[in-house]
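Chemist: Produce the entire structure from the sequences given, and follow the hints as far as they go.
Take a look at the letters that make up each chain.
2 protein chains.
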Amino acid sequence: MHTMGENGMKAYREMETSELKTLKEQLEEEYRGFQAKGLKLDMSRGKPSRAQLDLSMGMMDVLRSGEDLRCREGIDCRNYGVLDGIEEAKELLSAINEVPSDHIIIYGNSSLNVMYDTVARSMTHGVCGSTPWCRLPEVKFLCPVPGYDRHFAICEYFGIRMINIPMTPDGPDMDLVERYVETDPAVKGIWCVPKYSNPQGISYSDETVRRFAALTPAAEDFRIYWDNAYNVHHLYDEPEKQDVILEILHECEKAGHPDMVYKFTSTSKISFPGSGVAALSASLKNLEEIKRQLTIQTIGFDKLNELRHVRFFHDLDGIRVHMSRHAAILRPKFEAVERILDEELSGLEIGTFTRPRGGYFISFDSLDGCAKAIVAKAKEAGVVMTGAGATYPYRNDPHDANIRIAPSFPEMEELEQAARLFTLCVKLVSAEKLLAERGAGA
Amino acid sequence: MHTMGENGMKAYREMETSELKTLKEQLEEEYRGFQAKGLKLDMSRGKPSRAQLDLSMGMMDVLRSGEDLRCREGIDCRNYGVLDGIEEAKELLSAINEVPSDHIIIYGNSSLNVMYDTVARSMTHGVCGSTPWCRLPEVKFLCPVPGYDRHFAICEYFGIRMINIPMTPDGPDMDLVERYVETDPAVKGIWCVPKYSNPQGISYSDETVRRFAALTPAAEDFRIYWDNAYNVHHLYDEPEKQDVILEILHECEKAGHPDMVYKFTSTSKISFPGSGVAALSASLKNLEEIKRQLTIQTIGFDKLNELRHVRFFHDLDGIRVHMSRHAAILRPKFEAVERILDEELSGLEIGTFTRPRGGYFISFDSLDGCAKAIVAKAKEAGVVMTGAGATYPYRNDPHDANIRIAPSFPEMEELEQAARLFTLCVKLVSAEKLLAERGAGA
Chain H
18 MHTMGENGMK
28 AYREMETSEL
38 KTLKEQLEEE
48 YRGFQAKGLK
58 LDMSRGKPSR
68 AQLDLSMGMM
78 DVLRSGEDLR
88 CREGIDCRNY
98 GVLDGIEEAK
108 ELLSAINEVP
118 SDHIIIYGNS
128 SLNVMYDTVA
138 RSMTHGVCGS
148 TPWCRLPEVK
158 FLCPVPGYDR
168 HFAICEYFGI
178 RMINIPMTPD
188 GPDMDLVERY
198 VETDPAVKGI
208 WCVPKYSNPQ
218 GISYSDETVR
228 RFAALTPAAE
238 DFRIYWDNAY
248 NVHHLYDEPE
258 KQDVILEILH
268 ECEKAGHPDM
278 VYKFTSTSKI
288 SFPGSGVAAL
298 SASLKNLEEI
308 KRQLTIQTIG
318 FDKLNELRHV
328 RFFHDLDGIR
338 VHMSRHAAIL
348 RPKFEAVERI
358 LDEELSGLEI
368 GTFTRPRGGY
378 FISFDSLDGC
388 AKAIVAKAKE
398 AGVVMTGAGA
408 TYPYRNDPHD
418 ANIRIAPSFP
428 EMEELEQAAR
438 LFTLCVKLVS
448 AEKLLAERGA
458 GA
Chain W
18 MHTMGENGMK
28 AYREMETSEL
38 KTLKEQLEEE
48 YRGFQAKGLK
58 LDMSRGKPSR
68 AQLDLSMGMM
78 DVLRSGEDLR
88 CREGIDCRNY
98 GVLDGIEEAK
108 ELLSAINEVP
118 SDHIIIYGNS
128 SLNVMYDTVA
138 RSMTHGVCGS
148 TPWCRLPEVK
158 FLCPVPGYDR
168 HFAICEYFGI
178 RMINIPMTPD
188 GPDMDLVERY
198 VETDPAVKGI
208 WCVPKYSNPQ
218 GISYSDETVR
228 RFAALTPAAE
238 DFRIYWDNAY
248 NVHHLYDEPE
258 KQDVILEILH
268 ECEKAGHPDM
278 VYKFTSTSKI
288 SFPGSGVAAL
298 SASLKNLEEI
308 KRQLTIQTIG
318 FDKLNELRHV
328 RFFHDLDGIR
338 VHMSRHAAIL
348 RPKFEAVERI
358 LDEELSGLEI
368 GTFTRPRGGY
378 FISFDSLDGC
388 AKAIVAKAKE
398 AGVVMTGAGA
408 TYPYRNDPHD
418 ANIRIAPSFP
428 EMEELEQAAR
438 LFTLCVKLVS
448 AEKLLAERGA
458 GA
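So the protein sequences, as listed, match chains H and W. Read in order, the letters of the first sequence are residues 18 to 459 in the working numbering. Read in order, the letters of the second sequence are residues 18 to 459 in the working numbering.
Source of the hints: derived by calculation from the structure; they are not laboratory data. Model, not experiment: these values are computed from the prediction. Hints may contain errors.
Put simply, identical chains are the same to the list, so a pair is met inside one copy or across any two.
As the list claims (entries may be wrong) - Below are the DSS-like pairs computed for lysine-lysine, each with C-alpha atoms no more than 27 Å apart in a straight line:
(1) Lys308 with Lys396
(2) Lys389 with Lys57
(3) Lys38 with Lys57
(4) Lys54 with Lys396
(5) Lys157 with Lys308
(6) Lys258 with Lys38
Modeler: Structure follows, in structure tokens:
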């Protein structure tokens with residue numbers, strides 16, 4: 018977490034009202050200049066750029082018509098068969114997910130779909146023999162905030178009541194998590210992005226992970242939904258700049274709660290976002306239950322795409338080399354946004370932002386009550402940000418302060434323009450807000 | 018439907034007991050001969066053979082690294098985006114599914130998964146605003162029998178009560194269907210494989226389809242689950258030997274029930290069974306509801322695989338040419354099985370079988386009470402058939418008579434051996450049964 022430093026610029030709050038008014042007029046003129054440029058940029062989603070996608074183009078050539086399309090077990094990957102993934106895909110994905118290769122199921126192209134299915138199954142069939150959630154008067158999930166909007170959307174779709182849990186620099190507020198999980202049997206889950214979290218880029222401390230593993234839930238069917246989306250998604254190659262977190266399955270096992278966690282991962286931001294391979298790791302007992310469902314749900318997922326990934330990446334070393342190439346493209350973008358935020362906002366005391374060492378987002382917090390107006394202003398000038406509030410359940414940010422910045426997709430020049438415009442919107446809306454507070458609004 | 022003809026062979030029932038006993042001993046010796054061969058053949062599932070898979074190998078080359086991977090709309094198919102399929106995939110799949118291209122959603126690799134999801138969504142969210150099925154005391158589905166085991170497995174998994182509807186040569190017994198659907202509001206669905214049905218290869222008559230479209234269900238959330246699995250899967254090239262059925266969406270619309278049907282299809286048995294593209298067609302109102310769910314469930318399916326299919330097959334003409342190549346491989350296999358069944362069983366009056374003009378199965382009906390024993394005998398000699406009973410809900414064939422034969426996977430020589438063994442088992446078990454009836458069992 019970074020508070021704008023002191024580079025000699027004056028904090029807005031300390032300005033005289035007349036000074037602030039003049040400033041606001043200048044900012045408005047600047048804004049009109051931006052509007053005239055007719056920008057059309059998108060910083061809304063964690064979408065890899067074209068250059069990043071090009072890194073994986075070799076994957077299109079590893080299964081040519083001349084190749085043998087049988088996997089190691091001798092199974093023809095073109096045909097039906099194999100419910101939970103071919104052996105070599107299990108090895109690759111479990112290496113990425115840091116689990117033993119018998120503790121994984123390989124799915125289709127979307128880990129979101131796996132998470133959705135996991136909740137849907139719990140609604141209709143319960144969890145390992147528990148009462149189906151659809152028969153309960155209420156089901157609740159804990160949601161560390163700010164967090165990932167699509168996690169929240171799943172809960173909302175199924176009518177699961179969401180409870181905000183504030184994030185700290187070490188992860189979710191564990192005092193609160195423990196209190197809810199250990200006393201309220203209606204609490205059935207918590208969404209976690211434990212490494213390079215979405216949107217703050219926070220990685221959970223060892224103590225946080227251990228406290229998760231040590232939870233003694235009031236509900237037998239409570240599970241931790243551990244979305245390991247960014248495990249190998251470092252921005253820096255130097256080991257000391259790469260976050261490392263404890264492995265949750267192992268910790269849960271050690272703590273005597275082997276069944277308490279579902280750990281999701283995918284190659285969406287390793288290979289191709291639309292055509293990756295997703296996976297779920299859990300205890301053998303959990304996996305057994307899930308496979309009973311899978312047998313009914315499908316005849317199997319796309320084994321050719323599994324094979325394609327294995328033949329292209331080979332192993333975890335291959336993944337690491339590849340991720341370093343992603344980092345080489347992403348890092349300058351993150352640094353550019355951070356630089357511009359520093360240059361434009363330092364000392365103004367109108368916002369703070371995170372400087373993650375991995376993942377896909379920078380989290381920005383404006384003055385209370387400004388986020389929606391900032392995002393709207395940016396949009397009016399052609400820059401689409403993630404909707405303000407999206408990082409909170411029910412799209413309701415109680416402070417109207419958090420904005421998720423996704424620097425990955427735009428090309429560098431556009432990104433810099435978008436970041437400048439963003440900071441301009443922050444300044445303008447902040448000035449307006451402060452003037453309004455003083456009864457001197459426009 | 019074909020009853021074994023009269024080629025001069027004597028019906029088992031007309032044999033003297035001593036004659037039948039001698040015959041049984043001969044058959045047993047023949048059976049031991051088969052056992053000694055140590056066969057290991059699989060006629061259990063509708064799995065394409067290696068030669069059929071090879072027909073689509075060109076698909077591995079159409080998206081090489083040098084190719085532009087944008088679809089017609091200019092969207093980069095490698096990246097996130099596009100929920101319901103790229104335009105050209107919609108065109109191709111809707112041509113296969115015989116619907117307008119705005120009446121389709123493109124999914125992942127498995128139409129079974131689409132059907133499962135459709136039922137799962139109805140369980141938790143109802144259908145277009147109806148009460149979620151999980152809140153109802155009972156939900157029932159009609160199941161034309163014999164039918165597809167995996168349809169039944171979905172119902173069983175969700176606790177949906179299944180009601181057998183006998184098949185006729187024109188499709189399901191529509192008198193019965195009408196009576197159930199129009200009087201019982203707990204009846205929410207019926208599983209149909211309307212063309213080259215699984216396992217009988219029956220195609221619904223025009224009258225059957227029109228009576229489906231004219232249904233006035235007691236339940237507002239009743240839907241016809243129209244599994245259009247074999248629409249282009251003819252065994253013969255001559256148009257007069259290809260079944261044609263009425264298009265159900267259009268018929269439902271004409272009859273004033275546009276929302277009453279979900280029509281599923283996939284390329285699983287066109288391209289690669291594990292790596293095809295599935296689709297669902299329905300009214301715009303139904304599709305809208307489904308897309309609201311899809312937005313929550315996934316960020317989108319594998320667009321590269323959609324593009325791969327379009328670039329390889331181009332259009333319906335491409336599909337037709339390709340399916341004719343499949344037919345050239347499949348037809349001799351079906352004909353060989355039928356020939357052997359004729360040769361071995363004609364006149365014995367111990368079984369009947371279907372001679373489908375498309376699809377993947379031949380349906381065999383033994384004397385009552387013999388199917389399980391026949392399948393067990395075949396298995397003991399190394400030939401795996403679909404489990405007896407599998408073609409009925411709850412694996413309960415009240416006559417213990419129906420056996421599904423899947424001729425597609427084995428190579429010709431093996432197939433002929435398997436078919437011979439199968440007929441031997443039919444003869445042996447039938448002789449045993451008749452002797453037992455006469456109190457002259459072993």
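Chemist: To test your reading of the hints: which numbers does this structure violate?
Modeler: Checked against the structure, the hints that fail are numbers 3, 6, while the rest are satisfied.
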